[in-house]
Amino acid sequence: MKNENKIYDVAVIGGGVVGTAIAQELSKYHLETVLLEAKADIGTGTSKANTAIWHTGFDAKTGSLEQRLLSRSYKLLLDYVPKFGIPHEKHGAVLIAWNEDQLNSLNGILEKAHNNGVTDVHLLTVDEVYEREPNVNSGALGGLMVPGEFIICPFTVPLSYATQAVLNGVELKLNFPITELAKENGAYTLSGSGGSVKSKYVINAAGLNSDVIDRMFGFDRFTVTPRRGELIVFDKLARNLVNHVLLPVPTAITKGVLVSPTVFGNIMLGPTAEDLTDKEATNTSAEGLKFLWKKGEGIISQLLDEEITSTYAGLRAATEHSDYQIYSHPDKQYICVGGIRSTGLSSSLGIAEYVLELLSETEINLEKKDDFKTVKMPYIGQAEKRPYESEELIESNSDYGKIVCHCERVTLGEIKDAIHSPVPAKTLEGLRRRTRAMQGRCQGFYCSADVNEIFVSETENENTEAFNEKI
Amino acid sequence: MKKYNTDVLIIGAGPAGMAAALELSRLKVDKIIIIDRDIKAGGLPHLTNHTGFGMRDIHRVLSGPAYANFYIKKIKDTTIEIFTGTTVTGWKNENTLNITTPSGLGTITAKAILLVTGCRERPRSARLIPGSRPKGIFNTGSLQDFVHNYKRAIGKKAVIIGAELVSYSAIHTLRKAGCKPILMTTEFDKPQVPFNYLPFKWWSSNLLNSVPLEVNTKISDIFGKKRVEGIELTNIKTGDKKRVDCDVVILTGDWIPDHEMARLGGIEINENTKGPIVDGYLRTSNRGVFAAGNLLRGAEPSDIAALEGKHVAKSIYDYLKKDTWHQKRVKINIDDPIQWISPNAVELGSYDLPLNRFLFRVKDFMKNKTLEIRQDKELLFSKTYKKIIPNYSQKLSGEWQDKIKGVSPITLTLK
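Just so you know, the sequences run in chain order A and B.
For the first sequence, the residue numbers in our numbering are 790 to 1260.
For the second sequence, the residue numbers in our numbering are 532 to 946.
Derived from the structure by calculation, the hints contain no laboratory data.
The beta carbon of each residue, even a glycine, is placed where N, CA and C say it ideally should be.
A few of these clues could be false.
Claimed, not checked - Computed list of chain A residues with no C-beta within reach of chain B, every gap over 12 Å:
(1) Ala838
(2) Trp887
(3) His903
(4) Met1005
(5) Glu1076
(6) Thr1151
(7) Asn1241
(8) Thr1248
To be verified - Derived DMTMM-like pairs: lysine to aspartate or glutamate, alpha-carbon spacing no greater than 20 Å straight-line:
(9) B:Lys711 <-> A:Glu1258
(10) B:Lys562 <-> B:Asp854
(11) B:Lys772 <-> A:Glu1076
(12) B:Lys773 <-> A:Glu1076
(13) B:Lys841 <-> B:Glu625
(14) B:Lys688 <-> A:Glu1258
Bound-form chain B, shown alone (with noise of 0.2 Å):
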């Protein structure tokens, strides 16, 4: 039994995992591990073997497997020590976690903990999509493996499920396998993407229209003994139900927080998000646990990630030589049609934020809602949304933080 003693554990080496621990280096922060239970460090990047990456942090544009190597390489130049194939099984208390290595069992007591744990879609059970279980069904990411990391062939025929961004990296990545996508569908009546979204033009010329798509259609049967051999599609809007034959079908987004380490650890979750509860230090409930990147709420890019890693870097650090810790935590409840929103709580009196925004999404698209953020019935702060598209988060800024009285909770609406 190995007994390791740091600073900062951070579990995770990902987008966040790495640029905090940079970030912490840069600091002067003495001791910091991260630990991964991957075979290499580097995250889901390494499975999009397109390009896109790293605009905002390290303001160039890299592959995912190049930009993972970036973060790495500078990584080797530090006093960073990263332990790969290891994977944390538990909390022995507070602040020690168990883990399991290819050497043997082994604890970690760290001062300061940072949860980096990233996100995944949910599997087709999860969905409740019915029928047989045959071969073919994968999510985004599963397929990435296959397909980037193996050179595995998986089929010929696809269906995307979904119309998000991550629907269109399936596109590209099918194509890679040699597997024609022949429909993408929706339960929106159109793609959750951006107007002119700039990486699309990087991957391939219109892409947005490259491949038939059915809106407000939903999956509802699988068909297939060994392999897929269709689905049947329901238009929720006129209940007619239709075939497709492919031996492929995609399951993309609906993101989950791999948030179980945080709820092993008795970390309190947002019910939204499903990730922990953070304020805008990503500070969690647990003294001494810090939160960041997809773990806060599912996938955004991983350049916000890395962004997000760098920022808890200085909440870790203060809280290192200063002690410094939550007090007078609010609450940000929201009303439907918001999603979620992340950070989930406000210190009050002391304010920071990730990228100095909040993040929220809302359920179905929309036009010139205003926002409202309410506390005991006093309105803080409003502003119209010209427009806005369900899957894709949406801005907001923190001024308004400045007005909150007392610890009674927020609330935010759309209307």
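The following block holds chain A by itself, in its conformation from the complex (with noise of 0.2 Å):
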């Protein structure tokens, strides 16, 4: 085989949100660099089933390592949003108080905010919280309005990383997952089940798994404990009963659970937060719905009137410790990015821009790139146009005019364009999240054997995850 020899100078280590960042910022320099990911697709943990909410990180622990990256993030990502073509809405979130003690906390959080530098968190009268939220339910007691809380797509921001980075010379390694470490003559050489490559520094962002990678360092300074988090998704027709994200407000005893309007124009309930041991664990209980159903029953119960278009439960990287496990060892060539909890979708830019740092403290060399090419990436949210709504795209190529996926509309044209594409969907569920093809309200009993049909044409019958053998 052809660079078996090979010797990368950065080797990353999880396919996130956040390794996806921290690769896209590797490719603006002059370095070999290769992205290792475990599974089939980029972004298939925690990355995948979130609340996808774009944080301010008003609520941060102030002066934590968290709170400054997403502070430092938060602005990056104003940058980055519009020019890369990510779906996100500027709605902002209310904090709504319930009883007597989420009203007491309000003024607390509102220092908090001013403290961490969000200083146009202001409170809102009970009048002011019913004329931005008229239909959640009535008994509110008053409020807190976070301007900066948006929306954002949390399928498109790491595809929209590993794009850049493959663009920009970065080797991507699916099903490659790393279970065996050695160094010698400065190098290190990570092997699995799909390989193994040669790479003078290691960066572990391996999110559910970053412990472990960890302790193969040599390292025992955290654990991760899954915590699922499980949604429900409501149906489009749902959108309009929500104008911010509705977020809950904190107290000593519960954390309690949001309504939020998403990118795709569904309505979003959840998360629940369940500690587990099984870093697999994705499914969906009978006693997390409910939780769920009764919740949303008491912010705004016409929403539980509106069909549901989806389910689905992820889990966050949380650990023993409050804030980000961030660690670099210049000596063994190894940086930590473990412990990223809840909010790496927010804070991934920062955090890839302080890894940049601590990498250049080390000895490796770090020089820019006069160029660094970007593609802007297709666009599946609800604010701005699609291509079926295009007459010039139909008519440049008429597969943007044939809607393959009825519930999302989606074309032909882009579902050939994410086979086709520098990180290409080569599973039916990766060409769910590139396309939203089959996410919609029926879940594929329209659409669903139409498109297992182009993915098997498209991709020349070899993947084995998709119906392709003939009865």
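Join the two chains, each given in its own frame, into one complex according to the hints.
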């Protein structure tokens, strides 16, 4: 095999939102970089199943690394998001107090927000709450407005990072879990069931498995406890019921659940928070769904009359520590980026910038490239024009006028694009995330057989996860 | 941007839409356009490749695809235009719709609009079935598409959730796919099929008893990472749980009208049927907009939908020629255990009904129950039903409408 003895400058372990952000940042430099992902696609862990809120960090612990990186990342995303066509909507968040306890804690949250530099946060009277959210249940006692809390597409963000990284020379290796580590002549050999690679520097962004990787380097400083969050997504016809992200007011006793629009035009209710041991337990539970139903009833009961489009569960990489577990060991040529909990989507660009700072303090030679190629991502949100609405696009290629997934109005052109993109969809799941096909209200009742057929023919039957056998 | 003008725009080229178009054509309505988002006309019968179609409307018995083709062929002999692969994306105004086609965008302006967008089975998510999200979970509709349309193998061992008419259709399709239906489950204590239901005999001898049935049972968990590996069943009376190994799960029934276009057009929706509120003329709340077929309340047999299409054609014709529209609408309310009634409004002093009957459904098996229809406490009608099956429509004739006085709502109870 060629390149068997190739020694990369940097290997990033983990193709989630954090690992891909770091890889994108590294691709701006004259470095040989490899991005290693254990699963068949990037962004399949915590990155694919979260609440998709673009956080300001208003309620993060003041002065913590998480708060600093969130704050920095927020500004970086403001530039990044429009430039790369990431679906997002800037609605702001409202925290609604439903009891005296919650009402009393609003002042503390306000103060913390201001200390964190999120100075536009302000209190709302009861009337102001209902002016903003006329459809929530009666009984609110007051609220807090966080104008800077936005919503963002959780799938397009890591996909964009990975795409820019690959365009600029990063090698992406999928189905490449790392289970063994050796170091020889100043370079690590990372190996597992997918093969092995050699690299001088290693960055651990393995998310739920970041503790396992960290232990391979001889440390024992944190343990990831997967914290399951179940969510219910309501039909797009419910979208007009909610105008902002409705955040729960955290009190000493409960954290509560949020109700939020999504960039696809649905309404989301969740998450639950349940500590587990199984790092693959992304199944939903009867108890979890029942709990959410009851919570939803207590916030906006009208929502429950609407149809449910999907339910899912994600796992956050929680640790015993309240802050991120980012450590650099220049002597070991190793940087650990662990314990990114649930805020990785929002802090990813800040983390990547910080990791480069840490890397610059090592002996690695960081020399920026003159040109950094960029590509805008296919737009899958609802706020801007999609291909099925574009006369010019359909005229250029009639595939953009052929709607395959009717619920989400995904065209044949978009499906083909996703299968042949720089970071292509190699599974039906990957295709769903990239295009929204089969993600709508019928969940594939109408289009799943059609999409399967297109996928099988466009990938020349190489995929084993699709239904590719004839009767 | 193409702009079309027509007398009647029909959204959906299924049995209801095609039958309506043919009747309008027979009544000499000039310009009729049918559009369908699918690449071929015909609707769901195309997917249902077994016999039993056409008894009531065309008086012969055909397979689903043959039945669809019968209508398509008839339409070809008329001036009716069918645009397939054409999606309505929204309402530009109250009589103009935006469309997307492979040749570009457009609008269609119509004097009258008929919504015949059909229905679908609720997905796993909407049924709040917990568990993992592996491949191998289908509705009957997607199963039929995989098997009949694309001849794809979908697995080896299937459990069918549901025991109503469509569930038995799933048995037929699974066998065609070489997938063994090992078990059916229902939350009721028996199948929701009328005794000696005729079409079953055509599909297979003794279909009703050909697959073991677990009654009073719900699906409570799904296992498997990439493919379904098994499910958990819970007996809703005893709470007993058990695991069944399978690689395919078929979620049947639990219909919801495809009401997106109706709701985007601001048309009033009935809370029970989830379809547009219509009177016996199948007129919606929006002037010039009609609705028929399975959009009204979920799935009835295709020939029923077609006959409703034929019925609504007459109402559309009267609207075009005489501007006939509802003026005094009386709402029909229902009480438990009635699930829904369709049509669900009456025009005061002017009665007509598709197939001369209302349809209603109940939530459970019942014997010797008396249906009472009242307005302001006054009894308009009562009738005793000996046996009522859930997930199966009951008929109710409409002569009692003569006794309605004023527009205060009518209430149906079953005691």
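Each hint, compared with the structure:
no.: 1; hint: Ala838; in the structure: violated (10 Å)
no.: 2; hint: Trp887; in the structure: holds (25 Å)
no.: 3; hint: His903; in the structure: holds (40 Å)
no.: 4; hint: Met1005; in the structure: holds (25 Å)
no.: 5; hint: Glu1076; in the structure: violated (8 Å)
no.: 6; hint: Thr1151; in the structure: holds (39 Å)
no.: 7; hint: Asn1241; in the structure: violated (7 Å)
no.: 8; hint: Thr1248; in the structure: holds (15 Å)
no.: 9; hint: B:Lys711 <-> A:Glu1258; in the structure: holds (17 Å)
no.: 10; hint: B:Lys562 <-> B:Asp854; in the structure: holds (17 Å)
no.: 11; hint: B:Lys772 <-> A:Glu1076; in the structure: holds (16 Å)
no.: 12; hint: B:Lys773 <-> A:Glu1076; in the structure: holds (18 Å)
no.: 13; hint: B:Lys841 <-> B:Glu625; in the structure: violated (24 Å)
no.: 14; hint: B:Lys688 <-> A:Glu1258; in the structure: holds (16 Å)
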